[in-house]
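Protein chains in written order, with our numbering: chain A, 1 to 239; chain B, 1 to 239.
These aren't lab readings, by the way, just hints derived from the structure by calculation. None of the values given here were measured: they were computed from a predicted structure. Check before you lean on any hint, since a few could be wrong.
[To be verified] In silico lysine-lysine, PhoX-like type, Cα no more than 20 Å apart, as pairs: (1) B:K83 <-> B:K43; (2) A:K157 <-> B:K192; (3) A:K43 <-> A:K56; (4) A:K31 <-> A:K157; (5) A:K190 <-> B:K157; (6) B:K27 <-> B:K67; (7) B:K11 <-> A:K222; (8) A:K222 <-> B:K157; (9) B:K218 <-> A:K218; (10) A:K77 <-> A:K67; (11) B:K27 <-> B:K222; (12) B:K132 <-> B:K74; (13) A:K83 <-> A:K43; (14) A:K233 <-> B:K233; (15) A:K222 <-> B:K43; (16) A:K74 <-> A:K27; (17) B:K31 <-> B:K11; (18) B:K11 <-> B:K176; (19) A:K222 <-> B:K218; (20) B:K11 <-> B:K83; (21) A:K157 <-> B:K157; (22) B:K222 <-> A:K218; (23) A:K192 <-> B:K83; (24) A:K121 <-> B:K27; (25) A:K83 <-> A:K67; (26) B:K31 <-> A:K157; (27) A:K233 <-> B:K157; (28) B:K31 <-> B:K67.
[Stated by the list, open to error] Listed next, with one range per pair, are the computed distances between beta-carbon atoms: (29) B:D160 <-> A:R131: 25 to 35 Å; (30) A:D183 <-> B:P141: 27 to 37 Å; (31) A:D183 <-> B:I21: 52 to 62 Å; (32) A:D105 <-> B:R161: 31 to 41 Å; (33) B:N45 <-> A:N20: 34 to 44 Å; (34) A:K31 <-> B:E71: 40 to 50 Å.
Even for Gly, the Cβ is constructed at its ideal location relative to N, Cα and C.
2 protein chains.
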Amino acid sequence: MNYGVILASGKGTRIKDNINIPKQFRKINDKPVIIYTIQRFLKENLFDSIYIVVSKEYLEYTNNILKEYLESTKNIKIVCGGKERIDSITNSINSIVADNGCNEDDIIVIHDAVRPFVTDKILKNSIDGARKYDAVVCAMPVADTLLYSTNNIIVEKIPDRSMFYKGQAPDSFKLKTFIELLDNLTEEQKQKLTGTSQVCTFNNYPMHIIDGDELNFKITTKSDFALAEAIVKGMDNND
Amino acid sequence: MNYGVILASGKGTRIKDNINIPKQFRKINDKPVIIYTIQRFLKENLFDSIYIVVSKEYLEYTNNILKEYLESTKNIKIVCGGKERIDSITNSINSIVADNGCNEDDIIVIHDAVRPFVTDKILKNSIDGARKYDAVVCAMPVADTLLYSTNNIIVEKIPDRSMFYKGQAPDSFKLKTFIELLDNLTEEQKQKLTGTSQVCTFNNYPMHIIDGDELNFKITTKSDFALAEAIVKGMDNND
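In isolation and in its complexed conformation, chain A is listed as follows (with noise of 0.2 Å):
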C-alpha cells in the first residue's frame, strides 16, 4: 500500500498581515492551501490512503473544509498532531500501522502541506524511489551563491555549493524501514530533528535524493503567497 501523510499541524500565523489564520487553511483564490495540496495527492490514484495531520484545534476546522472542498473524503483520515514535528509523524504512523498494520512493501510519503505545488512527477519518483532505495528525499540543487559564517558577522568561506541542495518534501520510504529508524532514535535526537530526513542521517542511514522542482516551494512569506495566487491564476487559464 501506498500512505500519503501530508503534515498541517504549524501554527504560523506571521506573515506581516492580520490574518489570524495558519498558513496551510489561509485561501489563494478562494480555495485553502491544504486543499491544493490534498487534490495533488488525490489526482494520480497514486496512494491507498492519505493522512492529513492538523493541531488539536482545528481537527473540526479541517474536516469541515474537506467536505467543503473535495468531491470525497473516502481514503482521508484526520489525525491529531503533536506538540513537535516528530510527534505529529509519530501520530500519523501509529494511525497507519493502528487501521493496516504494516507489510513489508508498504510505502510512506510525507509531505508539507504547505507545498501545495508538488507535482505529479514528483510523487510517482519519490514511491518509485522510496520502493527501490528505501528512503528517498526531494531537493533542488542550491542556486544561490552561498556564504559560510560561524559568527554571523563575517564570512568565512564560500563553500563549493555544487555540493549542496535544498531540502524540499516530500520525504518518502519503506514504512517497515522509517518505524525502525524512528525506534532507533535517542530522546536526544528526537528533540533535535527539525525535519523527516535527519531521522534517516542520525541513523547513518543512506537517503536518496529525487530531484525536486520550483514549483514545489513552501509558503512561507507574503511574496510566496503572491507568487501561489499568480500560479493558480495562470493555471486556471491554461485550463
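Fit chain B to the given chain A structure using the hints.
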C-alpha cells in the same frame, strides 16, 4: 563619491518560453527589468554616478531604453562588458577610474540588473557598511533544510543551516580596497571567480554580511517573472 555598478551583460535567455532576449531586458508590466533596477538606484540620490555594464550587442539598445524610460540619463554611463563576470567588473572599474580617478573614500556598489526590487534600506546599509568595514555582501539566512552530498546521489549530512547564508547583491567596497584585491588575484583565481564576494575570500579579506530582503531576489525562472509581475502590480495598487 558613491558609484553604482549594475551588471547587465548576462545573456541568459533560457526561460522556458520563446522570448529570445536576455532577462534583464524583458518587460514586467511594460517596463524592462533593468529600468526598475536603475530607478531603485536613482530614487534616493545615493549615487554620484551609475555605470551600467552590458554586452557589446546591447550597447545601443540599452542607450535607447534608458532614453525611453528615464526622465534623465545625466549621471548614467553605459560600459561594455567583458567575456566573464570578472571582465565586466574590471571594465566598470577602469571606466570609473578613467572618469574620476580613485579617492580614499570612494565607494562602489556592485549589483545585478536582474534584482530589480533591491530596497532603499539595502542600498543605504550597503554604502554605510562599505564605508565602515571596507567590504560588505548582502545576504539572507538560509531558510531551507540544507543537504550535503559529494556524489549528488546520497545525502551525507545535513549541515547546521544557521551558519549558511544565501548571497544576494549588492556587494559593496571601498573602491581603493577593491582595486587592490582585484590586482592581487592570480589568473587562475580570476578564472574561477563566479561572484564578487570571492574577490574577498580568495584574498582572505574579511567581508561583512548585511541583511538582504526576500524582495531582493534574482529573476531567473519563469516563476520569478510571475512573482515580479505580482509585486509590480501590488506596488501600483499601493501608489
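What are the numbers of the hints that this structure violates, sorted from low to high?
-> Violated: hints 1, 3, 4, 7, 8, 12, 13, 15, 16, 18, 23, 24, 25, 26 and 27.
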